[in-house]
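Colleague: Working from the sequences, and respecting the hints, build out all of it.
Respectively, the protein sequence lines represent chains A and B.
Quick note, the first sequence lines up with residues 3 to 736 if you use my numbering.
Quick note, the second sequence lines up with residues 1469 to 2065 if you use my numbering.
In silico DSSO-like links for lysine-lysine, alpha-carbon gap of 30 Å or less:
(1) A/Lys182 with B/Lys2032
(2) A/Lys583 with B/Lys1923
(3) A/Lys228 with A/Lys238
(4) A/Lys365 with B/Lys1796
(5) A/Lys365 with B/Lys1797
If you're looking for bench data, these hints aren't it; they were derived computationally from the structure.
Quick caveat, the model's predicted, so the values are computed rather than measured.
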Amino acid sequence: MIGYILRRLAISVPMLLVISLLVFFLMSLAPGDFLDTARSQRDISEETIHRLEKQYGLDKPWYIQYERWLTKAVTGDFGYSWTYKVNVSEILLQRVPATIGLAISSMLLAWLIALPLGVLAAIYKGSVFDRVSSLLAYAAISLPDFFFALVALFFASVTGLFPVGGLTSITSDFFSPGAKIADYFWHLALPAVVLGLGGIAGTMRVMRANFLDQIRAEYVNTARAKGLSEFSVMFKHALRNAINPFITSLGFAFSGLLSGALIVENIFNYPGLGQLTYQAFLRQDKYLVLAAVVLGAGMLIVGNLLADILLSLSDPRIRLNRGGAFRFRQLFAWLGTVALIIVLFYLARFLPWENKSFWQDVKVSGVILLVIGGLFVIYTAWPVLRQIIPKLVRRPIGAITLAVLAIFYGLALLAGFVSPYSTSDQDLTKTFHPPTVFVWKNGGLGVKTYHNADRSIAKYEPVANGEVPVKWFVAGTPYKLLGFIPLKTHLFGVESPNKIYLMGSDATGRDVFSRLLYGSQISLTLGLIGVTITMSLGFLIGGLAGYLGGSFDSIAMRLTEIIMSVPGLYLLIALRAALYKFFDPSEMFILIVVVLSFIGWTGTARVIRGMTLSVRQLPFIHAAETMGQSRLKILLKHVLPNIASYLVISATMSVPGYILGEASLSFLGLGIMEPSASWGLMLSQAQEMKVFMLGFSWLFIPGVAMFLVVMTFNLLGDELRDLIDPKFKTENRL
Amino acid sequence: MQKPRTPIILAISVLLLPLLVSCSRVQLPARQNLPLPEDVDIANCPPGKVGATFITTMSSEPSSFNPLVIEDAYSNDIVGNMLSGLVDMDPVTQDIIPGLAKSWEISADKKTYTFHLRRGVKWSDGEPLTADDVIFTFDCIYDQRYPNRNEQQFTIAGQHLKYEKIDDYTVRFITPDLYSPFLNDIGVAILPKHSLFASYRDGSLQKQWTVATGINTPDSIPCSGPFKLLSYRPGDRLLMIPNPHYWRADANGQRLPYINLYVVKFVKDTNAELVNFCTGQTEASAISAADVGWVQHAQKTYHFTIYNQGPAASIGFIWFNQNPGRNKKGEPFIPSYRLAWFQDVRFRQAVSYGFNRRGLIDGVFFGRATELHSIISEGNLKWHNPNTPRFDYNPSKAAQLLADMGMKKRNDGNLYDASGNPVEFEILVPSASTTGPQIMTSFKENMKDLGINVKISYIDFGTMMARTGQSFDYDSGIMGFTGGGDPSGGKAIYLSSGRMHLWNPSQKTPATPWEARIDELMSLQEKTFDPARRKTLIDEMQVIFAEQRPLIFLVTPNTYLGLKDKWHNTKKDLRGYLVFKQEELWADPDEKEVRHE
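Modeller: Structural data, given as structure tokens:
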């Protein structure tokens, strides 16, 4: 056992090394540095700044800075935080307890709710309870967590039942120990609930699937046959076995919570690691970021190790020393990966970073590759789809979800025609205008007009007898239908200067409805493009790794492990900052897709590798090999069709990740930029207390749309899974 | 089922970890009644009651407690409560009043300043505060091992100040040249020599008084201000208690401050900050113009009042790149025809006329903002010139000016210059700015009405600094500066040689006659000691900036302050805005707060 632990820890060393190198490299690509704030101050002289640059080592290239850091880090000195002027470990250790407390309590909370629900849903499979609980579980993951956090904050401020953020009460220093504990949990409650909410759905679905598997197992029949009560069969035998996989997922669940905690910590002002790291990212406090990311990855590694040990304790069938003979090979794979990455970084120095036309070419070739990938995905998925869609339409949920998606995508296509205004048409005299009310007057549809009764709180009142008729097919702002047909006609409108606001107006008097439609073009295609990239990349790398095996397999899998070990949101922020300067602000859309897919492909690749491995053993592959078919052909013609159904399900289920991912980035101010519109951007602009308090509720409509679409994709994926393979093992990818 | 419980027990014990860290119960030390110093300063305020707790929020944390290191306003605020300077500023009149120095004399040639320190003043650890501390402070500021922002401030005409100790309670400063804002600048925090001299000598001065000091040994920072540090928990809160040796007292001989515990809670999210205030959990809070509408609903329930503090002292503006230089490859930073527009004052005036700032105020700021007309905001009452030329929204005037430049609108609705180039420009907007997008969308629409196409580029702050300060490959940008204080503090912006002279920084000789005139005015006013005469010089400078419009001024949101009604000893300044000194504030500690009437 001790040997096993030592070996695992030894292997984590190159991993942490690569992660730190990766993060440092990404941060060095980001423009500007820690002294930007000082540079913008009018009374700090240039000499002072030069001296500071020297003091911080910022005048040296990144690899020298890294080397300096590394030589110190080996001795346990992880550098100096420029913001706080102390050693980073001192700062980080202060924050660890709060984050771990939050992560564990939210995980416990999610399990306490999800495990019983999952068990019950499995026992009463197909009942109303099963359906309702899964619907609710999906609902819980269909809204971005920052939205829940703000609702919780609003709830706390209105009812006064819970504190509005913070770790403890202001006067808690003077409390008795008992009161302190109570105070601590009182402050923990809301953030833990909000953070735990996201885990419930996934955990519940996995539990349900595990439990179903166990119920069908032989030993359950045996137990029943020997006359055990149903209660003991279910809870003493099946339950214990069904719980095992959760212990395995502990490590990864933990890392997910670490990055998820970033947003919740920020909103609830919970002084944890996430909040600290995010601020450090923004200020480019390099060593602090580096240490925090390494710490996060380290926690993941330790978490996984603990999970494996716990698993072996609870399940005697599992032996830890399995695979011990391969340790040298494993070590070589690691060394190879590290060497490869270092060579890549070295080569990166020779890229023409400043050459704009070069990057333009890179982008164009990226688009071409994407189109090829897209065609390839459609080509592969087509047989499955042709088979599945008729069946899907016959099932009520299938038909409804398809119809909802058709409506949303249809509206996105026709956004220019259906919306009365463009995304940027503003009216400063009508800011925060409520939705206009329809009336039937003079034999036609009309809308009321409003005047601003109290400008200081944006209160509007209808004008008596001020109704104006709604006109159909009116001329307005020119737009391009489907991106190329220039038109001026809009489906409806009213005589200017009156305005028709189906869903109210925003802070500069722009029409929320029009922006919602234009925003759907971005939000809805983002998922599709992202999925295309992840699926193509995942299949290419995972498939080849599974089929070829050997060193390609080892290196590819080490790569995925590295990427998965960096808490997701941190990697997103670092990547975005690094690539930002190569994109025009109007190309943010592409940047976000690239960044999200870079993180997304790893999971798919690992699953596809596993599936390829098992398909490879089947007789028809051997037959094909004997016939002398090329490897590529076997992979494309024989392996791929057998895992295509998985690809379809997985693609459907990953679209929501992109929509919500964009929303999270937008909330942090790193997403789509004005004047373009996206649902995430619109929702993040509604995240102000005045919107809640003054009742500008229409600004949440983008959230409703997001909820509907994400929910629909989740339900569709679930339905597809039921159709394609009812016994399909649910992959826990949360 | 024995085994699966282990993880749960483990989990619960980890959960309780943070408690163990903070389990020691803090006892608030009792107020000591130490004798007052010989030269005690008697505060000009009605006596109050001792004992209340003051709780406020701050959105950012201190980066250090060392005045030689800090660069941000938040740390400054906190350290300002802990350390005193030789002189202070009266919040009501904005005049310079005595601080650690009870009086001073200025020589006939206006170059020698002699300060007399208060006798009997002690640091919070009981050590006497003397001229040695003052000399030590300036030794630190000028030491090349410790880069700090004060050094530049005390470099006059390229030379350092001369300073010497006359006796234990007298120090003398000699300025190398005439320098009228000297008294404004000299109020820097005085450092305790007895506590810092060892680290000054061994070169580790900048590693003293860090946040770690605040966390681990808060008592090791000797203070001369009204408060001293009790405890600091990063990300959470900072507690301060009265300095038992503070040098001010009230008319009854009660040593200030009245507040027994001063709590600063760190709340990063402004939403949460406001919710904290409007549910009665904090005593005071700044409130942004857009939020006053809903925060005021809670005024009656939680007994607070929102005071309009008038326009902020900061300025916000759009500027055009007027840099005629060339990059390393020998290409001009921006195409010459564009440079010609940007250098034409008519263009800049036209943009000013064409921007509907009034509409912006009504729509976006709920009517709670003021149009900015001068480079010194109305918020800086002492120096603002109310009579600068105004450029109120007037699209037809704007169109006329553009036509005068030979620009014509064609059938496609776009404006073209005399050589047929479409009039369009890109504007850089820092992506972190919250009101930026709203101002920009409205600016873009206004320019569209004139036929000018504006491309808005949201970029992060680092890129913006690099492009506007190093590579200069940009058309225009939007930015803001904090303001207030003496106009000499804005030299980096005003002078043509300044680093923050954004439109054309670090010029060797002034590029235009008006920039030359501003350089001249700035240097004149530094040598002028008559306040009224100085004001006329600064007024003229503001008129030139307003006419020439190198900066297209935007709007200044009004600032609002919420304060609970139970606090006494607040004052009104010359404009009628609420001001107070933390150390003079008091509330009845026995009064129970009534909530939800």
